[in-house]
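*Asks:* These are the residues of each chain, in order.
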Amino acid sequence: MMKKSQRDAVLLSLVREMVARGSWCGETHIQKAAYFLQALLGVPLEFDFILYKHGPFSFDLSYEITALRADALLRYQTRPYPYGPSIVPTDEGRSFLDSYPKTLKRYADQISFVAGKLGNMGVADLERLATALYVTLNQDGQSGPRAEQIPLLKPHISLEEADLAVRRVDEIMGEARDLRISTS
Amino acid sequence: MANQKEIRDPIHNFIRLDPSEIKALDSAPFQRLRNIHQLALTYLLYPGATHRRFEHSLGVMELAGRVYDVVTDQSNVKHDSVKDVIPYDLIKYWRRTLRMAALCHDLGHLPFSHAAESHLLPDGWDHERLTMQFIRSDEMKPIWDSLKVNPEDVAKLAVGPEHYKERSFSDWEAILSEIIAGGAFGVDRIDYLLRDSYHIGAAYGRFDHYRLIDTLRILPREYRSSEQEPGSLEPTLGVEEGGLHSAEALLLARYFMFSQVYCHHVRRIYDIHLMDFLQAWLPGGQFSTCAEDLLMITDNEVTSGLLAAARDVSHPAHVHARRVVGREHFRLLYQRNPVDQDTNLRSSQRIFDAARDRFGDSEVRYDSYRQKSGGLDFPVLVKDKRIMSSLSLSDTLARVPLVAVDYVFVSLGCRKKADIWLKENRKEIIASKGDEDE
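As given, the protein sequences belong to chains H and X, one line each in that order.
Residue -14 is where the first sequence starts when you use my numbering, and the numbers rise one by one after that.
Residue 11 is where the second sequence starts when you use my numbering, and the numbers rise one by one after that.
Careful: at least some of the hints might be erroneous.
[What the hints assert, rightly or not] Only part of the chain H face toward chain X is listed, based on derived beta-carbon distances under 8 Å: (1) 85; (2) 88; (3) 109; (4) 121.
Calculated from the structure, these hints are not laboratory results.
Just so it is clear, CB atoms sit at the ideal spot from N, CA and C, and this is done for glycine as well.
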């Protein structure tokens, strides 16, 4: 189990890597990337994700992002219309990472994988993909085909978009297999 | 309206309920809130802060109804994507359900609204779960039946998506729960800021909530996060441009109230001493989660226990009780500050560890709080009908600080020597950097 400060280091590193890969990196981007890191790759962030804003969403994580801003490790970067704000590491945030070499080394491959897969995606893409992963990982055997479940949960996602998202998630899950951290 | 009951209120002037809503007000779980202080022991440092959860909950209900009426008024629905979200065929049902959820949102609070409930309740329990238990109780069932509302809808909106895990929230339900407890414009916060500042006598908690509520709108957060794709159509609470300054004032009021009242170091240490007392005083060190038991314990019973324990030197909770009753609370030794933070981000923790080594565990306490809710980024409908991020329109919002406090306290007996010790060792302690990555 990670200490809180080690978890903060993983989050900050994820944000830094997402920004480096060209991500807009608003809160939705961080939420979905953290979901993939935890749910797909087994990085023990221990956030409680529910299906809510733009798909899987963790209130704990949202609070943690605010707390990291309160600690001046992350900051908002505002943008002119028609864009929303980004959240980026501060100089203090980058310095903070220097204190956690072992933790960052342990999860470097997983962070790099997630940033590489999601870094160029917008909110709508991330919502579809993360919801597809959520549905895939929470199948109860009675809910029918995954692609059909997604528009029921998110009415603004079409069946065609959902089907594409499910197929993309299956590809990513295949590629991620060797990177998954065992919890046992 | 005929038969409406009007209750005078110092914040909202009149709070109005119809006869069927009064049954909820008269229920034992709601009446219990007459004896739960809104701000715990804050009255020990701000003597006016003796108000209770009872009147706050009435205020939240009143404001929830006002916001609901504004955002569902068809002339205020300004975006096509929002028209399908509002179920106009059930508009009265949801208004009543929202008001009842707002009225009941604090039913499960422990005595003194205690924040340290994770230490005072069994694993898996918090005040939101207790709130749901009260809403679903046999006592409340006939009330919901007479009101023709589904108690599950009341419970769902009362505790929101973070705590109601049984079913996911539709866009409409998410908006309604946001009206109560949303990060930016939740009426829970609007009421407590206004009410707490009124009772405390601190003017900086006030803002123009009339203007703010009149300009609230349901809007999609449609501003973009990439050049290629349009923004999201997921609806949320935002404001028309004319309400932006009132929104700024709300968020500044929140900052001032948190930094100067809710996180006042004396208030924080009293909370810690109260928790210590409760752990020593309660059977098994925890509150019962049984609804019948909870109805029997309020601030009155705890205060009586505090006074008795403070007078009885043989009582196992005597020391903790005296710290509250006799104002023998621990004193502030150190607090987080920007200068030390520049040297070491964990300066407070370093001071705490060193002080504990020097004076012993029982003489030193640590407290830390970080603001959880941001709420600075919300959609704003500008005059030419574009929807923009509040942060791109308001330099003020972009600069509202977030509250972050760390305190190290020492016992009265250690205070003088601890002050001298810190003065002599402060620089060296703060400069020390342990291995955080173990």
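*Asks:* Hint compliance check: list the failing hint numbers for this structure, sorted ascending.
*Replies:* The structure breaks only hint 4.
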